[in-house]
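Going down the list, the sequences are from chains A and B. Position one of the first sequence corresponds to residue 1 (the working numbering), numbered consecutively onward. Position one of the second sequence corresponds to residue 1 (the working numbering), numbered consecutively onward.
Treat the hints as calculated values from the structure; they're not laboratory data. The model shown is predicted, which means the values in this text are computed figures rather than measured ones. Keep in mind that a hint or two might mislead.
As the list claims (entries may be wrong) - Just a sample of chain A residues kept apart from chain B, beta carbon distances all over 12 angstroms, derived:
1. Lys6
2. Ala227
3. Thr264
4. Ser310
5. Ile323
6. Asp334
7. Asn352
8. Gly445
9. Lys466
10. Glu584
11. Ser604
12. Met610
13. Asn615
14. Ile739
What the hints assert, rightly or not - Here chain A is said to cover these stretches of chain B; the calculated rule only asks that three of the stretch's residues, wherever they fall, bring their Cβ under 8 angstroms from a Cβ of chain A:
15. 10-22
16. 70-76
Claimed, not checked - Below, a list of computed lysine-lysine pairs in the DSS-like style, where the Cα atoms sit at most 27 angstroms apart:
17. Lys6/A with Lys348/A
18. Lys118/B with Lys638/A
19. Lys5/B with Lys597/A
Even for Gly, the Cβ is constructed at its ideal location relative to N, Cα and C.
Here is what each chain is made of, one letter per residue.
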Amino acid sequence: MFRNLKLKTKLAFFTLGTLLLISVIYYSNSEFIINRLVNQELDDDSRELNSQLLSNKRAESEVLSVSSMSIESDQEVKQLFIKKDREGLYKHMLPLFENIKNEFKIEIFEFYFPDGTNFLRMQNKTEYGDKGEHAAFFKELKSGKNEITGFDFEDGNLALRSIRPYYNQGKLIGYIEMGESVFHLMEELKQNTGDEFSVFMDKSMLGEDGLADLKKDPNFKDFIETAGHIELSNTGGNGLFKNCFNDNISSTVKTKGAYVVKDTQIEGRDYVCSALNLEGLSETHVAVILSLTEISSYIGIISYNRLIISGLIIMTFIIFLLIVNYFASRKLVDPLIELSEAAEEVAKGNLNKAIKVRSNDEMGKLAVSFNYMVGKLKESYANLEAKISQRTSELAVKVKQIEEHNKESEERQSAILNILEDLNIEKSVLEEVNAKDEAFLKSIGEGLVVVNQEGKVILASQAALKLIGYSLDQLLGKIWVKDLPIVEDEHGKQIPYEKTPVYGALHNKGTSGARFFYRLPNGIRFPVLVTAAPVVIEGKNQGAVVVFRDITKEEEVDKAKSEFISLASHQLRTPLSAIKWFIELLVDTKELTEEQKDFIGNISRSTERMIELVNALLNISRIESGRITVNPQPANLKILINDVTLGLTKTINDKKQQLEIKIGPDLPEISIDQKMVRLVYENMLTNAIKHTLPGGKISVSVYKKDNDIISEVTDNGLGIPEKDYGRIFDKFYRGDNAIKLEPEGTGLGLYLTKAIVASSGGKIWFKSVEGKGTTFSFSLPLAGTVAKKGEVVLS
Amino acid sequence: MENKKKILVVEDEVALLEALTEKLRKENFEVLQARNGQEGLQQALANHPDLILLDILMPVMDGMTALTKLRADDWGKTVPIIILTNLSDEQRVSDSLEAGVFDYLVKSGWTLEDLTKKIKDRLGIAY
Chain A
1 MFRNLKLKTK LAFFTLGTLL LISVIYYSNS EFIINRLVNQ ELDDDSRELN
51 SQLLSNKRAE SEVLSVSSMS IESDQEVKQL FIKKDREGLY KHMLPLFENI
101 KNEFKIEIFE FYFPDGTNFL RMQNKTEYGD KGEHAAFFKE LKSGKNEITG
151 FDFEDGNLAL RSIRPYYNQG KLIGYIEMGE SVFHLMEELK QNTGDEFSVF
201 MDKSMLGEDG LADLKKDPNF KDFIETAGHI ELSNTGGNGL FKNCFNDNIS
251 STVKTKGAYV VKDTQIEGRD YVCSALNLEG LSETHVAVIL SLTEISSYIG
301 IISYNRLIIS GLIIMTFIIF LLIVNYFASR KLVDPLIELS EAAEEVAKGN
351 LNKAIKVRSN DEMGKLAVSF NYMVGKLKES YANLEAKISQ RTSELAVKVK
401 QIEEHNKESE ERQSAILNIL EDLNIEKSVL EEVNAKDEAF LKSIGEGLVV
451 VNQEGKVILA SQAALKLIGY SLDQLLGKIW VKDLPIVEDE HGKQIPYEKT
501 PVYGALHNKG TSGARFFYRL PNGIRFPVLV TAAPVVIEGK NQGAVVVFRD
551 ITKEEEVDKA KSEFISLASH QLRTPLSAIK WFIELLVDTK ELTEEQKDFI
601 GNISRSTERM IELVNALLNI SRIESGRITV NPQPANLKIL INDVTLGLTK
651 TINDKKQQLE IKIGPDLPEI SIDQKMVRLV YENMLTNAIK HTLPGGKISV
701 SVYKKDNDII SEVTDNGLGI PEKDYGRIFD KFYRGDNAIK LEPEGTGLGL
751 YLTKAIVASS GGKIWFKSVE GKGTTFSFSL PLAGTVAKKG EVVLS
Chain B
1 MENKKKILVV EDEVALLEAL TEKLRKENFE VLQARNGQEG LQQALANHPD
51 LILLDILMPV MDGMTALTKL RADDWGKTVP IIILTNLSDE QRVSDSLEAG
101 VFDYLVKSGW TLEDLTKKIK DRLGIAY
């Protein structure tokens, strides 16, 4: 968990931790330090007390000195002393003593002889007396000291004494001692310091008498007596010992030094007790002066100070660490953040990002490296971008092409939908041409390819793909069949695109068909029957529909059929020819009776009919198989017609009919299959002759009209009854009236004629009034007949 | 008296052969007969007729084969040939035209008279 924290947070934690540690260290130290400080303070305080005491002592000593000096200089006193006049000295000294006592609080005055015996003492009690000896300090005086000052307990009096040698004219005559009660001292101290004082003494020093005297001393306000010690105070400081120290204090003071300090708590307030050794005159321990200083103020001040100081120090630390933190953040973390953000941005693709180099240290180096890396990236990206933009522009072109293509496709698709819709409409239009009919009817399941006006494949039926062995992808967009090595003739030669039906359909040549070979990608080829029909929408060529089917089987069948037919017709014809010729020979014999001639004539006619029938059947079968060769050659129709009529002249003359031929002026030569068109003229003329009564008139007129040559054969014969109109071109059909007139027709003529005209690219129609006559007309396109390679010709 | 022109008729159908022979003889031609292509070829090469009438469908050797062989011959190259058949196969027509026959006639469409005229025409004989 700690790992996941941000750096700054970690830093803060670290800072706080350090802070905490420092605080703990500091605090524990500070307690110690402050204690020491306090103790120092107290020590100072006690020293102060001590010095104060000392200075007081000195001051008093001075006073004592001055006072004793003034006594010394008093001759009278001296004389009295020398005379050993005790009473006289006393009386003399008394006013002096009173003066001194009042002024300086000197309560003790003593005279001594040089041997140390006491001569006169003047104390509180205005009495005098003489007491023991103080040999110890006299010794010191004798050794040369001018003065001895010290504390002393004598005669129930604890005082600060000063002893001076007493001279007269250079000769030591004695000692003078002056003293001041410690209690006065204590009072002065209290006035000065405000502290409380008490004196603590070993009882052993006092003796019984001393104790009794002490108890009588009016200076004592109160004292505390224990087994070994007493404590006296006149400043309210009694009980200090009990509160501050234990029984060993006196020895402690004796051994340790001049003073001891101890802090204590009395009734909840802090105090400092100090014990000060009162050195005796001979530097012996006399008593201990105890003082009690309330230090709450000190402690309070110190504590308060301590808080402030701690606070200040801690604040300083905090500020310091915050500053450190801040700078660390700034210096370390911020650059890192900046770096990571920059890296992120660079990763997103902004290669212009650069980090400011703010220093020369590791962060700065990192920034430099980073910038360098980004620069390098930018370079390589720039290269890449250049390439990419180039490619992109290439691609854009491609994409645009594709888009256009798609757009085209979409347009094609909608066009196709229209086309397919229109196909249904076209169906009736297409019925005129049998091939188209068959193509369409069989288109379901047949090879169907739809191309746009450029001839590019936009649609292909499954059957188509299956037949030609290409996939739709391979076909789409390619020009059918130009772009594909599919179409060839029987010799394996590629059929030129311009000669294909699809080309014709796309170039306003209308619907046409052809028989080719298609070659599969694997090399196999098969014969196909192809029909291509233009798709015209709103007068504009929008493309074409190509239908093809594998006619291998058909061709085989056809081949078998045609061979059969050929053979059959050959077989049929042979006996017919024989009959025909022998009849001819028979007729030639000239030895026939009229009756015989007549009979022969009948046979002959029947034979001819049969021959006609066989021929017609053969032709029909050929026409129906679509294998007729159409071989257009430039032809002069005039010559053709003349040729035909020539052949029929006899028949016409026999029937006493009139023939009129009108050929239009400037009739151009026309490319037609002469054989076939000849058959047409023959058929039409023969029909006219047959269906017209003897003496009738037949006229032929041929003229140019727009893009066609129109040929008309008019007769004034039987005419065609209306009921027969629809069936006139049917196979074997003969009108009733025609049968009556001419029982020998096959009914195949017009069927054949129609087929031929269609093959020639023309149309045939008729006008008729029953009983009046008929006009049959057909057109031949000036553009000529499209050649067609077939296998048979019409005979 | 001018020489009679020799005509070779190659036809496997007896009746037709007879009819043709009869007519031609009547017309003052010398007629040679052959019943199949092989015979025809032999006859032709042996007798050098002035004109040959050649049927297509014949046993042993058919007309087209005979024709081809004939045309390979020096003399045979030039002899006038009329294909007389009841086949009206366009393929054959063009093949035979390539091989240089004058006519391809369907028997059933021609009277003997017309046929004779044709022959005379081809031989340059007046009629």
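Right, here's what the structure says about each hint:
With a closest Cβ-Cβ approach of about 100 angstroms to chain B, Lys6/A is found to remain outside the 12 angstroms limit, as its non-interface label requires. Here Ala227/A stays apart from chain B, with its beta-carbon at least about 171 angstroms from theirs, past the 12 angstroms limit. Residue-level check passed: Thr264/A sits 153 angstroms from the nearest beta carbon of chain B, beyond 12 angstroms. For Ser310/A, the non-interface assignment is confirmed: its Cβ lies about 131 angstroms from the closest Cβ of chain B, beyond the 12 angstroms cut-off.
With a cut of 12 angstroms on Cβ distances, Ile323/A stays outside the contact zone with chain B, its closest approach being about 116 angstroms. The claim that Asp334/A lies off the interface holds: its Cβ sits roughly 101 angstroms from the closest Cβ of chain B, which is beyond the 12 angstroms cut-off. At roughly 84 angstroms, the least C-beta separation between Asn352/A and chain B is larger than 12 angstroms, which holds for a residue marked as non-interface. Gly445/A, annotated as away from the interface, keeps every beta carbon of chain B farther than 12 angstroms; the closest lies near 32 angstroms.
Consistency note on Lys466/A: stated as away from chain B, and its beta-carbon is indeed over 12 angstroms from all of that chain's, at 32 angstroms minimum. Residue-level check failed: Glu584/A sits 5 angstroms from the nearest beta carbon of chain B, not beyond 12 angstroms. At the 12 angstroms boundary, the C-beta of Ser604/A falls inside the reach of chain B, the nearest C-beta of that chain being 10 angstroms off. For Met610/A, the non-interface assignment is contradicted: its Cβ lies about 9 angstroms from the closest Cβ of chain B, within the 12 angstroms cut-off.
Not every C-beta of chain B lies more than 12 angstroms from that of Asn615/A, the closest at about 7 angstroms, which undercuts listing it as non-interface. For Ile739/A, the requirement that its beta carbon stay farther than 12 angstroms from each beta carbon of chain B is met, with the minimum near 25 angstroms. Closer than 8 angstroms: that is the beta-carbon criterion, and the region 10-22 of chain B has 6 residues meeting it against chain A, so the requirement of 3 holds. Only residues whose beta carbon comes within less than 8 angstroms of a beta carbon in chain A count, and the region 70-76 of chain B has 0; fewer than three means the coverage is violated.
Simply put, Lys6/A and Lys348/A have alpha-carbon atoms about 23 angstroms apart, close enough for the 27 angstroms limit, and the pair holds. Proposed proximity of Lys118/B and Lys638/A is supported: the alpha carbons are some 24 angstroms apart, at most 27 angstroms. For a cut-off of 27 angstroms, the pair hint linking Lys5/B to Lys597/A is broken: about 32 angstroms separates their Cα positions.
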